[in-house]
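Number of protein chains: 4
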Amino acid sequence: MKNTATLLISCPDRKGIVATVANFLYRNGGNILHADQHLDRNLGLFFTRIEWDMTDFKLTKKDIVKKFTPTARDFKMEWRLEYSNYLPKVAILVSKEEHCLSDLLSRYKNREISCLIPFVFSNHSNVKDLVEFYGIKFPHMPINGSNRKSVEEFILKLLDKDSIDLVVLAKYMQILSPDFIHRYKNRIINIHHSFLPSFIGAKPYHQAYQRGVKIIGATSHYVTEELDNGPIIEQDIIRISHRDTVERLISKGKDLEKIVLSRAVRWHLENRILIYGNKTVVFD
Amino acid sequence: MKNTATLLISCPDRKGIVATVANFLYRNGGNILHADQHLDRNLGLFFTRIEWDMTDFKLTKKDIVKKFTPTARDFKMEWRLEYSNYLPKVAILVSKEEHCLSDLLSRYKNREISCLIPFVFSNHSNVKDLVEFYGIKFPHMPINGSNRKSVEEFILKLLDKDSIDLVVLAKYMQILSPDFIHRYKNRIINIHHSFLPSFIGAKPYHQAYQRGVKIIGATSHYVTEELDNGPIIEQDIIRISHRDTVERLISKGKDLEKIVLSRAVRWHLENRILIYGNKTVVFD
Amino acid sequence: MKNTATLLISCPDRKGIVATVANFLYRNGGNILHADQHLDRNLGLFFTRIEWDMTDFKLTKKDIVKKFTPTARDFKMEWRLEYSNYLPKVAILVSKEEHCLSDLLSRYKNREISCLIPFVFSNHSNVKDLVEFYGIKFPHMPINGSNRKSVEEFILKLLDKDSIDLVVLAKYMQILSPDFIHRYKNRIINIHHSFLPSFIGAKPYHQAYQRGVKIIGATSHYVTEELDNGPIIEQDIIRISHRDTVERLISKGKDLEKIVLSRAVRWHLENRILIYGNKTVVFD
Amino acid sequence: MKNTATLLISCPDRKGIVATVANFLYRNGGNILHADQHLDRNLGLFFTRIEWDMTDFKLTKKDIVKKFTPTARDFKMEWRLEYSNYLPKVAILVSKEEHCLSDLLSRYKNREISCLIPFVFSNHSNVKDLVEFYGIKFPHMPINGSNRKSVEEFILKLLDKDSIDLVVLAKYMQILSPDFIHRYKNRIINIHHSFLPSFIGAKPYHQAYQRGVKIIGATSHYVTEELDNGPIIEQDIIRISHRDTVERLISKGKDLEKIVLSRAVRWHLENRILIYGNKTVVFD
Numbered sequence: 001m002k003n004t005a006t007l008l009i010s011c012p013d014r015k016g017i018v019a020t021v022a023n024f025l026y027r028n029g030g031n032i033l034h035a036d037q038h039l040d041r042n043l044g045l046f047f048t049r050i051e052w053d054m055t056d057f058k059l060t061k062k063d064i065v066k067k068f069t070p071t072a073r074d075f076k077m078e079w080r081l082e083y084s085n086y087l088p089k090v091a092i093l094v095s096k097e098e099h100c101l102s103d104l105l106s107r108y109k110n111r112e113i114s115c116l117i118p119f120v121f122s123n124h125s126n127v128k129d130l131v132e133f134y135g136i137k138f139p140h141m142p143i144n145g146s147n148r149k150s151v152e153e154f155i156l157k158l159l160d161k162d163s164i165d166l167v168v169l170a171k172y173m174q175i176l177s178p179d180f181i182h183r184y185k186n187r188i189i190n191i192h193h194s195f196l197p198s199f200i201g202a203k204p205y206h207q208a209y210q211r212g213v214k215i216i217g218a219t220s221h222y223v224t225e226e227l228d229n230g231p232i233i234e235q236d237i238i239r240i241s242h243r244d245t246v247e248r249l250i251s252k253g254k255d256l257e258k259i260v261l262s263r264a265v266r267w268h269l270e271n272r273i274l275i276y277g278n279k280t281v282v283f284d
Numbered sequence: 001m002k003n004t005a006t007l008l009i010s011c012p013d014r015k016g017i018v019a020t021v022a023n024f025l026y027r028n029g030g031n032i033l034h035a036d037q038h039l040d041r042n043l044g045l046f047f048t049r050i051e052w053d054m055t056d057f058k059l060t061k062k063d064i065v066k067k068f069t070p071t072a073r074d075f076k077m078e079w080r081l082e083y084s085n086y087l088p089k090v091a092i093l094v095s096k097e098e099h100c101l102s103d104l105l106s107r108y109k110n111r112e113i114s115c116l117i118p119f120v121f122s123n124h125s126n127v128k129d130l131v132e133f134y135g136i137k138f139p140h141m142p143i144n145g146s147n148r149k150s151v152e153e154f155i156l157k158l159l160d161k162d163s164i165d166l167v168v169l170a171k172y173m174q175i176l177s178p179d180f181i182h183r184y185k186n187r188i189i190n191i192h193h194s195f196l197p198s199f200i201g202a203k204p205y206h207q208a209y210q211r212g213v214k215i216i217g218a219t220s221h222y223v224t225e226e227l228d229n230g231p232i233i234e235q236d237i238i239r240i241s242h243r244d245t246v247e248r249l250i251s252k253g254k255d256l257e258k259i260v261l262s263r264a265v266r267w268h269l270e271n272r273i274l275i276y277g278n279k280t281v282v283f284d
Numbered sequence: 001m002k003n004t005a006t007l008l009i010s011c012p013d014r015k016g017i018v019a020t021v022a023n024f025l026y027r028n029g030g031n032i033l034h035a036d037q038h039l040d041r042n043l044g045l046f047f048t049r050i051e052w053d054m055t056d057f058k059l060t061k062k063d064i065v066k067k068f069t070p071t072a073r074d075f076k077m078e079w080r081l082e083y084s085n086y087l088p089k090v091a092i093l094v095s096k097e098e099h100c101l102s103d104l105l106s107r108y109k110n111r112e113i114s115c116l117i118p119f120v121f122s123n124h125s126n127v128k129d130l131v132e133f134y135g136i137k138f139p140h141m142p143i144n145g146s147n148r149k150s151v152e153e154f155i156l157k158l159l160d161k162d163s164i165d166l167v168v169l170a171k172y173m174q175i176l177s178p179d180f181i182h183r184y185k186n187r188i189i190n191i192h193h194s195f196l197p198s199f200i201g202a203k204p205y206h207q208a209y210q211r212g213v214k215i216i217g218a219t220s221h222y223v224t225e226e227l228d229n230g231p232i233i234e235q236d237i238i239r240i241s242h243r244d245t246v247e248r249l250i251s252k253g254k255d256l257e258k259i260v261l262s263r264a265v266r267w268h269l270e271n272r273i274l275i276y277g278n279k280t281v282v283f284d
Numbered sequence: 001m002k003n004t005a006t007l008l009i010s011c012p013d014r015k016g017i018v019a020t021v022a023n024f025l026y027r028n029g030g031n032i033l034h035a036d037q038h039l040d041r042n043l044g045l046f047f048t049r050i051e052w053d054m055t056d057f058k059l060t061k062k063d064i065v066k067k068f069t070p071t072a073r074d075f076k077m078e079w080r081l082e083y084s085n086y087l088p089k090v091a092i093l094v095s096k097e098e099h100c101l102s103d104l105l106s107r108y109k110n111r112e113i114s115c116l117i118p119f120v121f122s123n124h125s126n127v128k129d130l131v132e133f134y135g136i137k138f139p140h141m142p143i144n145g146s147n148r149k150s151v152e153e154f155i156l157k158l159l160d161k162d163s164i165d166l167v168v169l170a171k172y173m174q175i176l177s178p179d180f181i182h183r184y185k186n187r188i189i190n191i192h193h194s195f196l197p198s199f200i201g202a203k204p205y206h207q208a209y210q211r212g213v214k215i216i217g218a219t220s221h222y223v224t225e226e227l228d229n230g231p232i233i234e235q236d237i238i239r240i241s242h243r244d245t246v247e248r249l250i251s252k253g254k255d256l257e258k259i260v261l262s263r264a265v266r267w268h269l270e271n272r273i274l275i276y277g278n279k280t281v282v283f284d
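Protein chains in written order, with the numbering used here: chain G, 1 to 284; chain A, 1 to 284; chain R, 1 to 284; chain B, 1 to 284.
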């Protein structure tokens, strides 16, 4: 397991940011492994992600926070510090369709995504065996018109109890309340089965079929209060033709959904994503 | 130059269509070179495109029409008969941006698209030299608030005079009147610089930038009265990232626009497209 | 479950083939659901795939064979007749890497691929739990320098006993003997982790990294005696950059491998593939 | 026109490189607009591209060279300094096929590629009118078995006379001598009409057709003495099927060739490419 730290910074653009941060790391024995930056010239905002080797680094996490804070204040930075040896905790919410869930769990087992999954919640019970095969807890509870609020409270307690860092909606066909979204702001990833902003809402493959598009897509995004309108993390597409029925669109789309969701989860867990406004910077 | 005929048929689905058409051609000495068919099971509609060698075929065009008409009536067919040795006449309408025009003219000269282009019309004059270099007439006329109607009449006269079969809008930034569209129904192809139905209307690259999508596209479609809502012929996409400014989106998009428009024009000229409802069948 | 029959035909091109086959089906009450054809003009070969509804069809399988054989002989056809209600039997061979296996089994369970999988064989034991979770037998046996021949005989017996129709090599890192390949000619599908014919043989991702390509791919193909040289069924690609290490190529490639293999398996099971020479016709 | 300078550096990896370079620019008033870096951990090599605004920068080009040289020596850097207000001089070599040439000239006129093209050389004369339409000199000379060497000398003189920085082979179907290649090392860009390393050499589309691949590609690369084996700059692909004849592969491939070549030329002119070993780093 690699032993690195990653600094993610956004701040107003200004001369000397790179020099200051690079000096700070250099003076303390940090060997930079990856560094990437982005400048949004319209907004005058600067973003950077720097990952360095901790082997010879002289400062503890506490030291870094203490010594870097004045610099951060000076440059008006929003910043985060992440360690590669911390295993983020992820909960998956799912309804009946299991292709995304099955794909994520297989990647989890094969360490393609690096995290801990304490539980999977569903409003159905059909994926029970699958989840338990992977040694994961499976709290589940049907949702109907009257218990929506209490189920959410139940989930929130589970999230809280396991100190969940990231919630993944792997085809969870329920709308979360503004309160839930607010509490996990920028920490809920959803997969929508269309090339957003086309075909927002229900039955996007049916909408695509009706419109007669020649390409369909899938979009992973952070969940915000406005439906299917959060910051987009990743999209991918596949070509279709007049021969493709709605059923075949659904089938072709499943492969997109799996890949597009898993990329978003992996990038989030690797601390590669910075959110600003309603957009994302995804450092490669 | 190949000597073939192509029959394009749509009709309600029913047993025996293929057998009947194939027998008709076989009995008259037709060797089928390409045959493709499509069944829309929801609508119960059958579509076919059959191209055959005319070398040993016993019937003249007139004969075919005469002998095939009863069959067509029996099966309630809408049908067209096209000959490969007829060179369709195409007019291009363009505004200031010349990349699509330049691309089409280069393909025209190199016979990648098989047609005759009697003229290019523009509401600007900047592409004059380019058009005339290819030996094509260049009627042009500025459009302003008050002369829109008379310019359209001018264009319609030109189209009529040269017996134009297809009108290509190669970045023509003017909206055509319902009357114009009606007169060239299913014979006007436009290129829209977005992945429709996303980003309808003005400045789609700016809209895409604002929304923070990770992929942009272009769409060629037949023009109908409702803006950017006609039957889609072809779409293509390119991946973008947070690094891409609006200027770079525009630049990347140009390559899409050229290709997506030229494919639509070529397929239309090769009689490969059937329109039904608001969709297209594009036979490969 | 749909009740259809599919006729797959290859023969020398000649006038009247379509008419003859269409008449045969029409006379016997067959309603054609899908028909596709291809003409290789260089070789003068004609290919067709016709699927029709059996509901009102008057002939039994035996009848069809009897009545169609003279026609087939007359046109020098190679032909096959397949029924949608027959569930083909598939065996999977796998080594240590489980991503393709896991993906196939998940699709199997969710009926994205329509077949029966009596067993998975491996020369390792690490996937035992996974295979058994899906209720499938898991014969396994290590392979070393001296027992290669006897393991093959063991596998052949298993294939024979379960009347296996298709063998899928889902990252099976052993080379099959010519005899094995011969006995399952055109019925063994392999996934190779490169864009063939680039990077044949071992460690294609390492080769791709060394060569500095900007795109990597995966290829599914029928296995022939010549390594990685059989008829290609499907390929797909993903863009890479100088940032991608060999490890990241391997990781990105896994998603390609899963999709490209599963498409090949599905198309084979749907009787959509015709092999001729060293190429495939894949009817859509 | 923007007024920036760009520093391109490769050197053995070592702590402090970023800090040192960033400090140098900061101390002298440079506002960094783009910075990108890459670490090849296998080879222990570090690469960076830094572009900064010259508006408030205190040093002249001469000063930079003088002041930066000791640092560069200390870190064992290979480095280049480029100014955005220098217009590189490009010569195009072409044979009979004009689609890439036509595309490049159209982009040149529309300032999609920023350079000066003093001349286009051809061993044919068919593109004369096209080249001259764009106001570019068109020296041309047929090549046969006996005059190959003298034609090369003629071209070399032209290149020398116009101080050409980059030679673009836009479907130039002649092999350049090792001496020619050596004199313009890393400054000759070729387009090969296959997905390298597949189908090296002559008639790649015919080779692709024979092999039955499902995707074809094009590759732009720097020319080295070994045929089609130089550092790859860019590749792109398009899906094909059994329906595509060699002629259609050629036609589909042309669109790839145009785009893939033009991207390589643009990136080279924007000083985004670093070559090392037989690979390229293309900074985005």
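Hints listed in this document are in silico derivations from the structure and should not be mistaken for laboratory results. One should not assume that every hint holds.
For identical chains, the list gives no copy identity; a pair is met inside one copy or between any two copies.
Under the rule of at most 25 Å between Cα atoms (straight-line distance), these lysine-lysine pairs were calculated in the BS3-like manner [unchecked claim]:
#	residue 1	residue 2
1	185	89
2	58	109
3	157	62
4	58	254
5	252	279
6	62	279
7	89	15
8	15	66
9	2	137
Just so it is clear, the structure is predicted and the values come from calculations on it, not from any experiment.
Checklist entry - At most 25 Å between C-alpha atoms: does residue 15 with residue 66 qualify within a copy, between copies, both, or neither? => result both (23 Å within a copy, 23 Å between copies)
Checklist entry - Between copies, within a copy, both or neither: which fits residue 62 and residue 279 at Cα up to 25 Å? => result neither (31 Å within a copy, 42 Å between copies)
Item to check | Homo-oligomer pair classification [residue 62, residue 157; C-alpha up to 25 Å] | outcome: neither (30 Å within a copy, 64 Å between copies)
Checklist entry - Is it within a copy, between copies, both, or neither that the alpha carbon of residue 185 lies no farther than 25 Å from that of residue 89? => result This pair counts as within: shortest intra-copy Cα distance 16 Å, inter-copy 49 Å.
Next on the checklist: Reference check for the pair residue 252 and residue 279, CA-CA at most 25 Å: within, between, both, or neither?
Outcome noted: Close across copies (20 Å), not inside one copy (27 Å); limit 25 Å.
Checklist entry - When no copy is specified for residue 58 and residue 254, does a C-alpha distance of 25 Å or less occur within a copy, between copies, both, or neither? => result neither (47 Å within a copy, 38 Å between copies)
Checklist entry - Quick one: residue 58 to residue 109, C-alpha cut-off 25 Å, is that within a copy, between copies, both, or neither? => result neither (34 Å within a copy, 53 Å between copies)
Next on the checklist: For residue 2 and residue 137, with the copy left unspecified, which applies at a CA distance of at most 25 Å: within, between, both, or neither?
Outcome noted: neither (28 Å within a copy, 38 Å between copies)
Checklist entry - Taking 25 Å as the upper bound on the Cα-Cα distance, should residue 89 and residue 15 be classified as within, between, both, or neither? => result Neither: 37 Å inside a copy, 33 Å across copies.
The structure shown violates the earlier hints numbered 2, 3, 4, 6, 7, 9.
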